[in-house]
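*Asks:* Residues per chain are reported as follows:
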Amino acid sequence: MSLLRLENVSRSFGRLLALQNLSLEMDEGQLYAVIGPNGAGKTTLFNLISGFFPANSGEIWFDGARITRLAPERRVAAGLVRTFQITEIFPELSVFENIRIGVEAQMGCSSKPWPSQSLARQINRRVEEILTVTDLVLRADRTVSVLTHGDQRVVEVAIALSRRPKLLLLDEPTAGMGRAETDHMVNLIRSLHEKQKLSILFIEHDMDVVFGIADRISVLHYGRVLAAGTPKEIAADPRVQAAYLGEAA
Amino acid sequence: MELVLFDGFNGLIQGAFYALMALGLSLIISLNSVINFAHGGFMVVGAYLAFALAPYLGFWGALIAGPVLTGILGILVERFLVRYLYARPDPVYSLLLTFGLALIIEDSVRSVWGAGGVPFAIPSWLDSPVSETYFFITGYRVFVMSAITLAAGALFAFLRLSRFGVRIRAGILDLETVAALGVNVYLLRAVNFAIGIALAGFAGVLAAGVLQLSPTMGNDVIMATFVAIVVGGIGSLFGSVLGGLLIGLAAGVTSAYYPVASDVVIYVIMAIVLIVRPRGLLGQEGLFE
Amino acid sequence: MRGRLPANVIIWALLLTAPFWLPLIGGYTALASRILIFALGAMGLNLLLGFTGMMSFGQAAYFGLGGYGAGLALVHLASSSWLAVLIGTLAGGAAALLIGPLVMHRRGIYFAMITVAVGQIFYFIAERWDSFTGGQDGLTGFSRQPLHFSGYAISLRDVPFYYFVLFFFAIGAGLVALLLHSPLGHTFVAIRENRRRATFLGIHVERYVWASFAIAGLIGGLAGALNALQNNFISPENLYWVESGNFVIIAVLGGMRSFWGPLIGSIIFIGVQDYVSSILPNNWETVIGALFIVVVLFFPTGVLGIIRRGVRPA
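Residue numbers (the working numbering), protein chains in the order written: chain A, 31 to 279; chain B, 2 to 290; chain C, 111 to 424.
Calculated directly from the structure, the hints in this document are not laboratory data. Check the hints yourself; a few may be wrong.
As the list claims (entries may be wrong) - Coverage of chain C stretches by chain B, computed from C-beta distances (three or more under 8 Å per stretch; other residues unrestricted):
no.	stretch
1	277-285
2	350-358
Stated by the list, open to error - Residues from chain C that keep clear of chain A, each with C-beta distances beyond 10 Å, as calculated:
no.	residue
3	Trp122
4	Thr139
5	Phe242
6	Ser253
7	Asp268
8	Thr297
9	Tyr318
10	Ile403
11	Ile416
From the three backbone atoms N, C-alpha and C, an ideal C-beta is built for every residue, glycine too.
Produce the entire structure from the sequences given, and follow the hints as far as they go.
*Replies:* Right, dumping it as structure tokens:
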């Protein structure tokens with residue numbers, strides 16, 4: 031059974047048709063990339079999946095349930111957690127506190143006004159686990175607004191991990207990063223996929239990153255899926271080459 | 002029946018005042034991103050300026066000079082105080098600054114003209130009833146209604162037809178893009194603020210002819226103005242007009258049947274509107290949030 | 111929090127001994143009670159304003175309702191100061207709990223406009239319902255009652271009343287401190303810091319805004335009840351929106367990102383008000399208004415923000 035399935039999903043903004051009759055299917059355990067020229071509808075796709083705004087038509091299924099009309103908070107509870115193209119973190123809090131907010135939400139205790147000692151210990155343990163996985167232990171007490179851009183992106187991934195996602199949506203995880211930062215992020219994504227067995231769907235512009243780590247790729251073009259397949263199939267697809275060359279020309 | 006008509010007409014006039022105030026405040030909120038708590042204060046300034054100038058300029062001169070001078074005061078306030086708020090998105094600062102301004106205005110007016118009410122004379126030919134049966138429809142009230150309609154119409158025409166007006170509307174939707182297109186946003190905001198304040202001054206002059214002037218007359222009006230904007234839908238100028246007329250009418254009619262509740266009724270309407278349509282009557286989803 | 115402990119100890123020690131040292135620097139005990147009461151009301155507001163990041167401009171409504179609750183309890187129910195405080199607190203909290211759903215959908219300046227307008231409902235009710243609230247003249251005919259401890263009676267005169275207020279201030283401040291160190295408090299701060307991120311972590315932001323609003327109202331009600339007891343009087347003016355502005359300025363003046371900010375703000379604001387209204391009885395509003403403007407333009411982070419740059423909430 032597929033983890034995520036979109037059936038004939040459309041979304042328009044005024045007269046602009048951002049996505050038309052788009053279908054996409056992703057299996058559990060995959061590291062799935064969505065690529066396409068600017069304006070192809072990649073971020074719109076993420077916004078529909080995460081519930082940022084609703085689809086005009088079509089259906090979205092996640093983990094066996096229909097989520098087309100579900101509020102974003104409920105999609106998160108179902109295990110669908112995203113990051114944003116422009117980093118969304120809690121700027122004036124420390125790395126530790128950033129992650130703790132997600133952990134507390136995950137443990138269903140965000141509304142507890144007086145936690146027990148054991149609960150507090152449990153929360154801290156989980157935060158430390160995530161700090162270790164994302165290699166942020168040394169920065170735990172730093173205020174995130176003073177971190178480098180690359181570190182902030184990692185913090186955002188860490189926050190997302192705190193919700194124990196079944197599917198992690200990463201919107202251009204390496205956007206604006208230098209080579210070293212990109213490598214660090216790529217290693218993190220790869221290790222999350224391989225060691226934590228996490229299913230990841232990501233949007234990416236950097237073709238080296240995409241063809242280096244993805245095991246499946248969908249190419250969007252003018253709001254439709256132009257092609258979908260393994261990296262090899264995509265690289266060999268003449269329509270994809272035409273679309274990208276067309277953009278470059 | 003006569004009483005209902007009387008109160009209804011009164012309510013409509015009151016509503017027209019609220020609409021005029023709400024229109025000015027809406028402009029300022031939308032483009033300057035400032036809740037102007039001193040909006041009622043500027044109305045009072047307009048009213049007292051007209052009162053002070055009428056002996057020299059006559060009624061018609063005061064009617065023009067009052068709003069213009071209030072608008073100029075608005076420009077000064079924008080240049081020296083409000084401008085510094087643009088870099089501070091947290092609304093708490095705009096609230097406090099204009100709140101402090103409102104206190105100063107009220108205190109200054111009281112110091113200059115005294116705490117008691119003063120009357121404002123209108124031309125006698127305007128003061129006589131236009132009809133024997135409907136004695137309450139005085140010429141002045143008809144005049145006020147037409148003046149407000151004219152002012153609102155002129156504002157909408159300005160915003161639709163003039164280049165500057167179109168820029169203001171574009172700036173309300175997306176100030177960054179307008180700035181990127183090379184429009185002088187500082188000037189745009191300064192003029193917009195002055196227009197909003199001048200409208201408050203105009204409302205003040207017109208109110209001067211109906212109500213007794215007092216330094217605190219702005220305090221209740223500013224709240225009614227807020228309610229008008231919330232009811233009409235924040236971000237919609239037309240909504241502000243609609244909201245103002247609606248609550249004015251409701252207050253008027255209520256004072257005929259159940260006078261004790263006439264002050265509360267506008268807040269009750271607001272609560273109902275918020276329950277049924279959380280964004281107000283004409284408020285759009287996603288806009289200004 | 112170990113680093114803050116000395117500051118906390120000093121502040122509590124000063125508060126506990128205020129009636130003894132305050133006269134030495136020209137103050138008086140009733141002024142100290144008043145400062146604590148407004149600090150408590152602003153502390154409640156600050157949970158919403160400084161920590162949840164929601165610009166509420168309606169705190170006076172719950173403060174005033176607390177006052178009417180306390181006064182009416184003394185007039186109609188029983189002559190007990192404890193009961194009066196309890197009823198007042200619950201009145202403020204219940205009103206905020208009921209109003210919350212009306213306001214929680216909005217944010218920014220629109221949240222401010224709606225909270226202030228909704229607050230006015232209570233003002234007009236208090237002003238018009240003569241038979242129950244005393245109308246425009248305010249509610250009189252009650253006075254704070256002595257406390258009874260196993261046959262022992264303590265009359266709440268000047269100094270005992272100060273300690274009575276301090277007792278409830280400690281409860282209110284303790285509640286806020288506890289909250290700020292709890293997951294609930296962390297969630298409030300998350301909403302202030304990044305509402306979108308909070309939503310996409312599965313946090314139902316509006317419910318938490320509601321909760322924060324209700325707690326702010328509850329603490330506001332407590333402060334209002336104490337205020338009514340101090341004055342043996344409560345008038346619609348305590349519910350009026352202008353009073354709400356005072357609570358906001360108290361929080362901002364002291365530093366709305368810090369726990370003790372409202373107390374510092376209250377010391378300055380109530381102190382200045384008391385002093386200026388004695389030397390400039392006719393124009394003190396101008397001085398207060400100018401104070402607002404100066405704070406906004408030059409000291410936006412408040413006193414504590416200046417003293418401790420880079421201070422972060424717990």
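*Asks:* Take the hints in turn and mark each one as holding or not.
*Replies:* Structure-based check of each hint:
Counting residues of the stretch 277-285 of chain C whose CB lies closer than 8 Å to any CB of chain B gives 0, which falls below the minimum of 3, so the coverage claim is violated. Under a criterion of three residues with beta carbons nearer than 8 Å to beta carbons of chain B, the stated coverage of the stretch 350-358 of chain C is upheld, 4 such residues being counted. Consistency note on Trp122 (chain C): stated as away from chain A, and its beta-carbon is indeed over 10 Å from all of that chain's, at 21 Å minimum. With a cut of 10 Å on Cβ distances, Thr139 (chain C) stays outside the contact zone with chain A, its closest approach being about 33 Å.
Remark: the non-interface label on Phe242 (chain C) is consistent with the geometry, its nearest Cβ contact in chain A lying 34 Å away (cut-off 10 Å). For Ser253 (chain C), the condition that its CB be more than 10 Å from all CB atoms of chain A holds, with the nearest at approximately 35 Å. The claim that Asp268 (chain C) lies off the interface holds: its Cβ sits roughly 35 Å from the closest Cβ of chain A, which is beyond the 10 Å cut-off. A beta-carbon of chain A comes within 10 Å of the beta-carbon of Thr297 (chain C); the shortest separation is about 4 Å.
For Tyr318 (chain C), the shortest C-beta to C-beta distance to chain A comes to about 7 Å, within the 10 Å cut-off, and the non-interface label is violated. The Cβ of Ile403 (chain C) sits about 26 Å from the closest Cβ of chain A, beyond the 10 Å cut-off, so the non-interface label holds. Against the 10 Å criterion, Ile416 (chain C) stays outside the reach of chain A, whose nearest CB is about 17 Å from its own CB.
The structure fails hints 1, 8 and 9 (numbered hints given earlier, in ascending order).
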